[in-house]
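As given, the protein sequences belong to chains A and B, one line each in that order. Just so we're aligned, residue 91 is where the first sequence starts under the numbering used here, counting upward by one. Just so we're aligned, residue 4 is where the second sequence starts under the numbering used here, counting upward by one.
Treat the hints with caution; some may be incorrect.
[Stated by the list, open to error] Within a straight-line C-alpha distance of at most 27 Å, the following computed BS3-like cross-link-like pairs (lysine-lysine) qualify: (1) K1021/A <-> K262/B; (2) K321/A <-> K388/A; (3) K190/B <-> K208/B; (4) K139/A <-> K635/A; (5) K208/B <-> K1021/A; (6) K942/A <-> K208/B; (7) K433/A <-> K369/A; (8) K635/A <-> K525/A; (9) K1021/A <-> K261/B; (10) K308/A <-> K249/A; (11) K190/B <-> K955/A; (12) K421/A <-> K433/A; (13) K224/B <-> K997/A; (14) K942/A <-> K955/A; (15) K321/A <-> K427/A; (16) K224/B <-> K993/A; (17) K208/B <-> K993/A.
[As the list claims (entries may be wrong)] Here are a few chain B residues that sit away from chain A, every Cβ distance over 10 Å (derived from the structure): (18) L105; (19) P145; (20) I212; (21) A254.
Hints were generated in silico from the structure; no laboratory data involved. Idealized CB from N, CA, C, for every residue including glycine.
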Amino acid sequence: MRASNRANAHIMLSTLLTAASLFLVPALAVFADEAWNVDYHFALLGAPKEETSFFHQPNPSSRASLIYTLSEQHALGAVNPRDGSLVWRQLLSSDGVAYRTSFLRAGEGQDVVISGIGHEVAAWSAADGRLVWTLSTDGPLEDVEILELSDGKETAGAKDAVALSSGANPTVQRIDGASGAVKWQFNIDGSDAPYQLSASSTQIFAILLHKTILGYVKLRVVVLDPVTGHKVDEYSLNSENELSTTENIVSVGANSASPMIAWTDSLYTTLKVNVVGTKSIQSFDIAAHDDSPIEHVKVHAPYHVNSLSHFLVHYQTAASHWADVFHINLKNGKVEKAYSLPKLAGRGAFSTSTSDANVYFTRVTRDEITTVSSASHGVLGRWSLNTFGVAAGIGEQVEPIHAASEVSVKGDTVSAIRTTILLSTGDWVMLRDGKGIWNRPEMLASTMVVTFALPADAATLVQQLEVEAHSNPVAAYIHRVQRHLSDLQRLPSIIVSLPQQIVKGFLGTSADDLTASDTFGFRQIIVCATRGGRLVALDAGSPDKIVWNVNVADLQPGQSREPFLASRIAGVVEVSSRAGAGIQYNATNGQPLAERLPVVPEGPQVPSSQVVLYTMHDGTLEASFNRTPAWAFTPMHGERIIDMVPRPVNDPVASIGKVLGDRRVLYKYLDSNIALLVTAQDSMGTANVYVLSTVSGAIIYSNVHTGVDLTIPIASIMSENWFAYSFTNEASDEASKGHQLVVGELFESLVPDDRGMMGATTNFSGMQTATEPFALTQTYQIPEVISKLAVTRTRQGITSRQLLAVLPDSNGIVGIPYGAVDPRRPVNRDPTKDEQAEGLVRYTAVLEFDPKWFLNHQREIVGVKNVFTSPALIESTSLVFAYGLDIFGTRLSPSFSFDILGKDFNKLQMLATVAALAVATFIVAPLVMRKQVDQRWRFL
Amino acid sequence: MEADDADFSGRSPILRDPYYPSPNYTSSFSQAHGIACNTSEKKPRIAPTCYSPPDPAMYALGSFLILLPVTLAAHLTISIPASPPVLPNPASLPASTHATLLGPPGVYLDTPLTRRNTFEFSNLTVGSHLLQVYARDYAFSPYRVDVSLAATEDGDTERRGTARIEQELIQVWQTFRGNEWSNLGPKIVEGTDSVTVEIGPVGRKEFYIQRGGFNVLGMLKSPMILLGLFSVVLIFGMPYLMENMDPETKAEFEEMQKKSPLTGSQGAAAQIQNFDLASWMAGKSAETESSSGTQ
């Protein structure tokens, strides 16, 4: 990294060397024919929120609409209603900051959508997701609305937005729709908390919450002139003694012909409605329809200034739901109940759609969709639903949570209806005229932990073979005969499918035959535990559909859990959480197995190795050995532990040494109880790296980096006898500004054929002998931030390893071959003959990520939090599964597919060659025969 | 503070800027000013998605931030022009295209591509930044963006903290990974307060490698296949050639073949072909065998 002053010459040299090193390293890459077949990807948004999901036409001149949503994971995106594919997406909060509220608005006939989250109001091009403008407010946003002024002259330009922010100086700002500049700003005086904005065609209303001495909430309305931003009026609503919390405010309407505020008392016995702009409050009794208490009340109102001022109130109890439709008389501001929709069992979801001035309400229940007009209760369309077409637990009733619809009405009937529904299983489905069109598994966007499990049928064979291996020969023989007899029952079906299999075997390639049998271990079940308390299983062999999806924890809203997943017994997945007992599930069908497991001890846990259990306690890392405290690592004053990565529990190593080019051996320091610990000292801007022996607690390697930007993720990994970590540093004498990747390898000794202190001992204990490894480290400058590191795993560890790095800025995962970052690459000299034989190339300070190393190639994987790897049954292949927001999985062969015929093996070509040879033999045979006979005659 | 001082004595011209307070000044005021600096610091305005630093870290980074007076005017616009061979139409870039600006520790700005094919960074802090553009299909080279306070005419730097407003000097250089930071590349643009710079992609990313497929021409070019074909031609062609020869040449050719040491009944080739291993093992020569046969 120490460059000479002759900049350009050096640049050229280093670039050339980097390029050269890339060519010399065996090109591990994504093959064009495997790219979209072997890997799979769900581009997810997360659970859509009801108030921020809608249909909107991105191009005002065209009738084609897209579905827009701002999800609970703060991902903003547009989905094509035809096939459910993602058109564009922007992650508005990448670092996991959970915002209380977020807003997404689209003005009628506008080509932008406006989002509001945290301190940022931003306008996005609706068609392609490009940024139009952005504005940050001083305080956190409380509401964003689009100003639909109907002052007779409908302007063609962009409609302005209004934003309400709280904080020290609560303000209302009118934002120019074209440029994002603030047109005017109104500072709200007083200590009342801003709550929401409401806009009619002539006025803007800021609704504030005033806390009375008795603890009740009073609504204060400030009326503003939309043109000047001056206060026109201000009044308080007499809502005392009723509103105790904001949760009872059902709705504050906006952008309708007559916006209104609705609230209930805490027992849901009366509904109070106020038309904004008037002071009168009308109350309606809520009739109890069944024994269960009302869980929530929702108001569904049209979102257009030109629509009829009708609204629907939806009442939900645990067992049933019903709704009332109200009309607002625009002349006198009176609210009248028009009609009721009858009680139906289960949950219901209502959505509002408009067509010109007409308003339609669509009701989705467990088994049907109905559409009514807001004017009368006559059903305009009814479609029965057999099933939503999603995987769910056995006996689980799939319920709609919320819906958004687009209706087209011809005369008195609905000619077509498209409805997107978020289901209780977490799926987001699209129904057209009651038929399922697509299904987006959005619950996977909140995956917290995953595990791989063998399918139960494959697992039973393994178990039976184990039984035979561990019993006496006679019993084993009887067992085997019985097993073979039972296998005979499958013979007829095998014979039937034989011709088909033969044809398939001739035409396809061997890697394609995943459906028939899983000899290679590619068809593993991937079980994901989501934040919503569900277990979702995918098949790595055919990942297009969800295998099963069961609810494992009934969580209250706001309650979080920290599940642990494991598959200790093949074919069985075990889920446990910190508080509760573990439950086992069949990996193939998700059926719970009636087995209870011991409770996991309390306290936050760091992934543990086989013997030693770690807990974090007051910033101190404490290790216990057989449940007795062994040692504690207390960081220095001002130092905090960022991450601790022990060597994986299941980390097979094929060779205890590295064979050099001259056939001598460099012995690896292989200790299953070592861990990499990264700490940060914020005041100094330094990062410390330690390699600990987890048995004795001794530090066997340490390093310190100064000028580190500790706000950027530091990723670390430990495997075999090496470790790697990445960080971002400020420019200094030692290093240039940018991102660094450090790779260190531990050896017993640096002298070949010498085991150093260990000598010829076969056993050694980390407790008794203090052996320190010899470490070789090398730093590479990398082009971008790595947020997470992982390593490929194969069955026996013979295959070379590949370092997997998650690149949040490139939205990808890069697979770095270990040879490219080997710390033994010779520095400042060319490799010798022996080193070349080992595959070592000259060290270069810069490690560029070759686009061919990107496992995701052209797919964009957003928000990856972790990468899970699992060995396949064949040695060459490792299964990779990345989760976070998106789900991505692929198969990797770091040393190429040496034990399987890959796509490059052309069966047809081989058969053609054999056939050609056979034909040639038949043609040539008579010729040769004739010639031999001729020769006989000639010579005798 | 020792480590901090060591960091800031680097060779970067920015860090040797006379506007920076001396290390002594820093250490004595770091606590109080660090906090003040934090509270007055506005959140980066342009970044809907950025690594917003956690509060304790920000607090602790006060010692860094004291060196970075917060400015509100510096504005950098990066525009992506149409660069025909590689990227003829920048409007085709996906919405995920974004640019990041890695500033002093704790400053990491991220802004998405706008509808005008630009990236807008406003309210840049004084310091040295690494600018990188990320697009799915295109590679961009890194740039260095330095924001510094322009020298005032009287050269009075001590009164910076008062109400005076200075202009920010923005300089953009191309930079190369692997070189020390003080090693500046070619300067792209320099300006005050608001600067626009055009950055085009350096190339298209090639994600895939094609497998070497079945290639008839390539196979025919291989020397082994050529040799094989030649011998096939000889085997099948020679008899026809022989038949079509006129009798004189034919006779001549046969004569030549008989004389040739390789061919003919006594030729080397014939001898090897008719080699009788059993008789050779028994120590019998062809002559003795034939003589014994006549007896």
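Evaluation of the provided hints:
1. Between the alpha carbons of K1021/A and K262/B the distance comes to roughly 24 Å, so the proposed pair stays at or under 27 Å and holds.
2. A threshold of 27 Å between alpha carbons decides the hint, and for K321/A with K388/A the separation of about 31 Å lies outside it, so the pair is violated.
3. Restraint check: the Cα-Cα separation between K190/B and K208/B comes to about 26 Å, which is no more than 27 Å; the hinted pair holds.
4. The straight-line distance between the Cα atoms of K139/A and K635/A is roughly 24 Å, inside the 27 Å bound, and the hint therefore holds.
5. Proposed proximity of K208/B and K1021/A is contradicted: the alpha carbons are some 61 Å apart, above 27 Å.
6. Under the criterion of a C-alpha separation no larger than 27 Å, the hint pairing K942/A with K208/B is consistent with the structure, at around 8 Å.
7. A distance of roughly 33 Å separates the Cα atoms of K433/A and K369/A; the hinted pair therefore is violated under the 27 Å criterion.
8. In summary, the hint linking K635/A to K525/A is supported, as the alpha carbons are separated by about 18 Å, within the 27 Å threshold.
9. A C-alpha spacing of about 20 Å is found between K1021/A and K261/B, which places the hinted pair at or below 27 Å, so the restraint holds.
10. Among the hinted pairs, K308/A with K249/A is inconsistent with the structure: their alpha-carbon atoms are about 32 Å apart, more than 27 Å.
11. The suggested pairing of K190/B with K955/A is violated, with an alpha-carbon distance near 38 Å, which exceeds 27 Å.
12. Between the alpha carbons of K421/A and K433/A the distance comes to roughly 32 Å, so the proposed pair goes past 27 Å and is violated.
13. A C-alpha spacing of about 23 Å is found between K224/B and K997/A, which places the hinted pair at or below 27 Å, so the restraint holds.
14. The hinted pair formed by K942/A and K955/A meets the criterion: a straight-line CA distance of about 22 Å does not exceed 27 Å.
15. With a C-alpha separation of about 33 Å, the suggested pairing of K321/A with K427/A is violated against the 27 Å cut-off.
16. For the given pair, K224/B sits about 25 Å from K993/A by alpha-carbon distance, which is consistent with the 27 Å threshold.
17. Pair hint K208/B plus K993/A holds up; C-alpha atoms about 24 Å apart against a cutoff of 27 Å.
18. Not every C-beta of chain A lies more than 10 Å from that of L105/B, the closest at about 7 Å, which undercuts listing it as non-interface.
19. Consistency note on P145/B: stated as away from chain A, yet its beta-carbon is not over 10 Å from all of that chain's, at 7 Å minimum.
20. Its closest Cβ contact with chain A, about 5 Å, brings I212/B to no more than 10 Å, contrary to its assignment away from the interface.
21. Distance to chain A confirms A254/B as a non-interface residue, since its nearest Cβ pair spans about 16 Å, more than 10 Å.
Checked against the numbered hints given earlier, the structure breaks hints 2, 5, 7, 10, 11, 12, 15, 18, 19 and 20 and satisfies all the rest.
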